[in-house]
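Chains A and B, in that order, give the protein sequences.
Residues 89 to 187, numbered by this note's numbering, are exactly what the first sequence covers, in order.
Residues 37 to 351, numbered by this note's numbering, are exactly what the second sequence covers, in order.
Hints were generated in silico from the structure; no laboratory data involved.
There could be a bad hint or two in this list.
[What the hints assert, rightly or not] In silico lysine-lysine, DSS-like type, Cα no more than 25 Å apart, as pairs:
1) Lys92/B with Lys183/A
2) Lys144/A with Lys92/B
3) Lys183/A with Lys159/A
4) Lys123/A with Lys335/B
5) Lys123/A with Lys92/B
6) Lys92/B with Lys124/B
7) Lys124/B with Lys144/A
[Said to hold, decoys possible] With the Cβ distance kept under 8 Å, some of the chain A side facing chain B (calculated, not the full set):
8) Gly103
9) Leu111
10) Gly112
11) Lys123
12) Val141
13) Asn142
14) Ile146
15) Gly148
16) Met150
17) Gly155
18) Gly166
19) Ala178
Glycine included, each C-beta is placed from N, C-alpha and C at the ideal position.
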Amino acid sequence: MSGVKKIDGKKVMKGEFIVQNKLGVHARPAALFVKLANRFSCAIMVSKDDEEVNGKSIMGLMMLAAGPGSKLVVHCEGDDCQQALTEISALIKRKFDEE
Amino acid sequence: MQRDTITVERFYTGEARGLDMKLVAGANGLKRIIREPTVNRPGLALAGFTRYFANKRLQVIGNAEAYFLKTLTPAEREERYATLFSFKIPAAVFSRNLKPDKVFLRVAERAGVPVFVTSLITMKFINLATLALEMFFAPRASEIGSMVDILGVGVIIRGESGIGKSESVLALIERGYSLVSDDITRVTLLDGREIIGAGAEITRNHMEVRGIGIINVASMFGVRSIRAQKRVDLVVTLKAWSDVPDVERLGMEQEYVKILGMDVPHIVIPVRPGRDLARLIEVAAFQIKLKTSGQNPAKELNDRLIARMTGSMQI
Numbered sequence: 089m090s091g092v093k094k095i096d097g098k099k100v101m102k103g104e105f106i107v108q109n110k111l112g113v114h115a116r117p118a119a120l121f122v123k124l125a126n127r128f129s130c131a132i133m134v135s136k137d138d139e140e141v142n143g144k145s146i147m148g149l150m151m152l153a154a155g156p157g158s159k160l161v162v163h164c165e166g167d168d169c170q171q172a173l174t175e176i177s178a179l180i181k182r183k184f185d186e187e
Numbered sequence: 037m038q039r040d041t042i043t044v045e046r047f048y049t050g051e052a053r054g055l056d057m058k059l060v061a062g063a064n065g066l067k068r069i070i071r072e073p074t075v076n077r078p079g080l081a082l083a084g085f086t087r088y089f090a091n092k093r094l095q096v097i098g099n100a101e102a103y104f105l106k107t108l109t110p111a112e113r114e115e116r117y118a119t120l121f122s123f124k125i126p127a128a129v130f131s132r133n134l135k136p137d138k139v140f141l142r143v144a145e146r147a148g149v150p151v152f153v154t155s156l157i158t159m160k161f162i163n164l165a166t167l168a169l170e171m172f173f174a175p176r177a178s179e180i181g182s183m184v185d186i187l188g189v190g191v192i193i194r195g196e197s198g199i200g201k202s203e204s205v206l207a208l209i210e211r212g213y214s215l216v217s218d219d220i221t222r223v224t225l226l227d228g229r230e231i232i233g234a235g236a237e238i239t240r241n242h243m244e245v246r247g248i249g250i251i252n253v254a255s256m257f258g259v260r261s262i263r264a265q266k267r268v269d270l271v272v273t274l275k276a277w278s279d280v281p282d283v284e285r286l287g288m289e290q291e292y293v294k295i296l297g298m299d300v301p302h303i304v305i306p307v308r309p310g311r312d313l314a315r316l317i318e319v320a321a322f323q324i325k326l327k328t329s330g331q332n333p334a335k336e337l338n339d340r341l342i343a344r345m346t347g348s349m350q351i
């Protein structure tokens with residue numbers, strides 16, 4: 089996880105994570121992610137390889153097809169970006185409460 | 037849950053026409069209570085065997101009993117009648133227009149037990165009477181909420197007052213669906229397996245719309261806009277957006293709500309200005325229809341996704 093930076097007066101923070109749960113980011117983890125993301129006001133973008141999607145969209149996250157071992161880059165932009173990234177990080181590291 | 041007492045009078049006034057029943061004696065016993073939702077043929081009791089006599093039920097006398105009684109001497113008959121009426125039976129029904137003899141009527145009158153004659157054959161009467169009694173005995177309750185029939189899916193729409201129930205119902209009627217009840221739905225558990233919803237008889241076909249008053253839906257939107265009763269397949273609760281902390285996003289697992297002890301599929305739709313509630317309720321009903329036919333789109337999509345991610349499927 090990077091520290092908080094300021095770009096054009098906006099707080100920005102970025103983190104990289106490896107998907108560790110056995111089944112990858114399927115519907116249930118995606119729903120947990122999106123529910124968590126929607127609690128924050130900052131913009132949350134998630135990318136895998138060259139594809140970037142909105143972290144507040146279930147269909148977007150599922151489209152990434154982030155299987156076990158794949159790398160996700162989470163990019164938050166807004167006042168509560170630090171808190172958001174901390175909690176998202178915890179969720180991914182908890183393997184989305186699976187297994 | 038409420039269960040009323042079913043008197044012979046209630047059964048008779050409700051079903052006399054359908055069952056073609058005529059009262060021939062014992063009018064003073066019409067307040068007797070039918071305690072079991074089925075009928076009995078008192079052949080064995082008339083033959084003298086009264087252990088296990090199902091005396092709480094309606095007693096149906098058909099050809100078998102009538103011809104048996106004819107084999108007895110008048111004295112024997114009177115004695116058997118006395119035995120029969122020494123039990124507290126709710127009423128006796130003669131099928132096939134069989135004529136009860138004078139002694140039978142006299143003993144029944146004295147015991148205060150109503151006697152009916154029906155033109156139906158015994159089997160037919162037993163079938164229809166059992167169905168009718170089941171309906172009388174079915175557990176009932178009132179659910180707060182309006183009910184609409186959406187393409188064969190009975191949907192009860194619940195929500196706090198002022199959340200937009202009536203508007204949704206009106207919009208659904210506009211789309212061609214039918215109103216079952218407004219604001220309060222009477223529910224009945226049928227055969228212990230399905231819930232039937234209906235409007236209260238007095239307010240049937242009417243709706244209250246805030247600001248306009250009471251409207252007659254049938255005369256305003258035509259006869260297809262109303263329906264007397266419908267099986268309940270889905271309960272939709274409309275809730276203010278802020279009161280729904282965990283909005284359902286996948287719909288993979290079905291939530292249920294209990295009505296009269298039965299599980300009925302339930303979904304919560306968060307309400308926010310600009311959401312077309314009627315459209316959402318309509319789609320929810322279609323979704324239930326698909327699910328009950330064995331489809332679960334969320335699960336199917338997820339299975340495909342997992343297969344892709346774990347490499348167990350080639351695409």
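Hints, verified against the model:
no., hint, result
1, Lys92/B with Lys183/A, "violated, 63 Å"
2, Lys144/A with Lys92/B, "violated, 64 Å"
3, Lys183/A with Lys159/A, "holds, 14 Å"
4, Lys123/A with Lys335/B, "holds, 19 Å"
5, Lys123/A with Lys92/B, "violated, 59 Å"
6, Lys92/B with Lys124/B, "holds, 7 Å"
7, Lys124/B with Lys144/A, "violated, 70 Å"
8, Gly103, "violated, 21 Å"
9, Leu111, "holds, 5 Å"
10, Gly112, "holds, 4 Å"
11, Lys123, "holds, 7 Å"
12, Val141, "violated, 14 Å"
13, Asn142, "violated, 14 Å"
14, Ile146, "holds, 5 Å"
15, Gly148, "violated, 12 Å"
16, Met150, "holds, 6 Å"
17, Gly155, "holds, 3 Å"
18, Gly166, "violated, 21 Å"
19, Ala178, "violated, 19 Å"
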